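**Student:** The residues making up each chain are set out below.
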Amino acid sequence: MELTPERRRALGRSISVAAVVGAILVGLLSIQQMVENPRTDDAEVFANFIAMAPIVSGPVMKINVKDNQYVKQGQMMLDIDERPYAYALEQARSEQAALEGNIVDENRRIASESSAVSVSQSGVRSAEAALAHAQAVVAQARAAVIGAQASVDRARDERDYAVHNRDRLQPLLAKQFVTVDQVDRAQTLAAAREQALAEAQAQQVLADAALVSALAQQRQAEAHLEQSRQQVNQAQHSVLTVEPLVAQRSGKLSAVQTAEYNLENCRLYTPFDGRVTNLTISEGAYAHVGQELFTLIDTRTWWVLANFRETQLHHIEPGMKADVYLMSHPSLHLHGVVDSTGFGVTPDADLIGKITQGLPDVQRTLNWVHLASRYPVRIRILDGPQQNFRLGESAVVVIDGHPGLL
Amino acid sequence: MNEYLPAAACVSKAGLRNLRRTLPVLAVLLAGCGHAPEFNILGSYFPAWLLCIAAGTLLSGLSFSALRRAGLEREIVASIVVYPCLAIFFACTLWLLLFR
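First to last, the sequence lines map onto chains D and U.
Under the numbering used here, the first residue of the first sequence is numbered 1, with each subsequent residue one higher.
Under the numbering used here, the first residue of the second sequence is numbered 1, with each subsequent residue one higher.
Bear in mind the hints are in silico, worked out from the structure with no lab data behind them.
Some hints could be false.
To be verified - To give an idea of the interface, some chain U residues facing chain D are shown, with a C-beta separation under 7 angstroms as derived from the structure:
{"#": "1", "residue": "Ala66"}
{"#": "2", "residue": "Ala70"}
{"#": "3", "residue": "Leu72"}
{"#": "4", "residue": "Glu75"}
Please read these numbers as outputs of a predicted model, since none were measured by experiment.
Idealized CB from N, CA, C, for every residue including glycine.
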């Protein structure tokens, strides 16, 4: 094919212009792609992991898993010597039973003390009866005193009559108006009435003494009643309660439950599907409470932790789709979704200085060019061989940002 | 593993010959294909853009010899700008097609 020089020149010129314009065009497109779809090769596969540590201590009797083994949830992994914990449970149970026995005993003692109260209450009633009796005796004695007084009065009247009669008859004897016998009888009668008066007076003194004695008995009965009432109070106050023992019930129960919990935790079960890592012990190793025996990687959810520059972060939002490539399988295209972006990294000691107590340690050197801080972005992997991912694998992440021109 | 075909298998020879015309077709073809934008060379991962720049430089050299054979080499204006621009064009186009 022959071209005229003009056409050749025009063709050469258009090729030149097309090359420059094309370079600018695709260059701009590339830059737009880089900005709209942030990407990083500073990424690693990540999963949560836990340190498997026993809740009880003791020698490991049996290990049912191997290093790097895939385990399902609920699988028994490890067995710590159960015997001491079984004994402890037995002891806690026996203490609980002993407490129940004590409560029964205490209830019986309380019942006996309650009957003692009833006994003393009947003592009060008996003292009340005794007091009523004493009061009746006093009334009787008062009536006897009144009767004795009346007897004395009557005896005195009769004596006075007899004495008057004798004194009237005696002068008549000299004139022979009465016989000697009549005088003698009057004298005898007067003497007898005198005796009767003395006797009535003695009866009155006796009745007075009986009244005093009855009053004393009444006071004694009152005192006895008061004493019986105080005894009832005392008996009522001395009745014990079973509350202190009942209050111990929950303590003993919790001791039993703690022992059961410890016994159950002699066996370590897998809390989730995962992979055993860093298992470097054998049977007989002594397991300490809370001290790591091995690591379990939670293989249920895998992430890629990708570090993005701070300038890229505002193009990344949770929920965005992401393409994930693992360098172990470069042609495997995995899909992911942005879970969250990091909100904190350790400050650069060269830039703001070390964070120390006292005064801030600020560097004197200054850099003209500063490097962008980078933050980890958590991308959840949605597909792929979830069991076979490895924590720490190199990965490349491309975020599907807003759609560009292409 | 079948849905994860290597990207190279999806790029036809015709597509490489006239990139700009077949670009939408390629874009459709490339959808669903993918290779990590890094290449493992003896345990070291080289980024794809580095390889694209190398390929662009190579293609730019090839265009130089093609233009020379066509006798158009002397008609290129400001070749010191045009060939680097060609290299950039090829590199960016390859990158956009294969690793976008």
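**Student:** Work down the list of hints and note, for each, if the structure agrees.
**Tutor:** Cross-check of the supplied hints:
Interface hint at Ala66 of chain U: violated, since its Cβ lies 11 angstroms from the closest Cβ of chain D, which is beyond the 7 angstroms cut-off. The interface hint given for Ala70 of chain U is broken, as the beta carbon of that residue sits about 9 angstroms from the closest beta carbon of chain D, more than 7 angstroms. Contact between Leu72 of chain U and chain D, as hinted, is supported at the beta carbon level, the nearest pair being about 5 angstroms apart and thus within 7 angstroms. Annotation: interface hint on Glu75 of chain U holds; nearest CB of chain D at approximately 2 angstroms, less than 7 angstroms.
This entry does not satisfy hints 1 and 2, going by the numbered hints stated previously.
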